[in-house]
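So the sequence shown is numbered by my numbering: it starts at 200 and just counts up by one.
By construction, these hints were calculated from the structure, which means they are not laboratory data.
The reader is advised that the hints may include incorrect statements.
Here are the computed lysine-lysine pairs in the DSS-like style, where the Cα-Cα straight-line distance is at most 27 Å [unchecked claim]:
hint, residue 1, residue 2
1, Lys204, Lys251
2, Lys251, Lys239
3, Lys239, Lys204
4, Lys258, Lys239
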Amino acid sequence: MNLLKWTETVGLMLGLVEDEGLAVRVVERCLGVDLMLGAKLAGKVRSTFQEKTVELISKAEVENLLMISFQNKLISEKLSLFHSNRLNIQMRLCIGMYQS
């Protein structure tokens, strides 16, 4: 469905959906697959439903940004620990050389 030809077709059909819950669920599930796909479809729902679909996009993007931020922090902490351990080993080697 993520092919452009199907995205446009589904978007046109989604604009005809009269059930707000259904339209929101479709956008929500598409956001789980691909943010760009979900964003495109969120803009295709009826204008009266778009407030909820845009809210879904903003939440999804914030969650992804938080996840990226968390992953970057985790990587930084692991690198800091790695460098700290290497520095401690090098200091012990140097101290051992001078004590001999």
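Verification of the hints:
no. : hint            : in the structure
1   : Lys204 x Lys251 : 25 Å, holds
2   : Lys251 x Lys239 : 14 Å, holds
3   : Lys239 x Lys204 : 13 Å, holds
4   : Lys258 x Lys239 : 16 Å, holds
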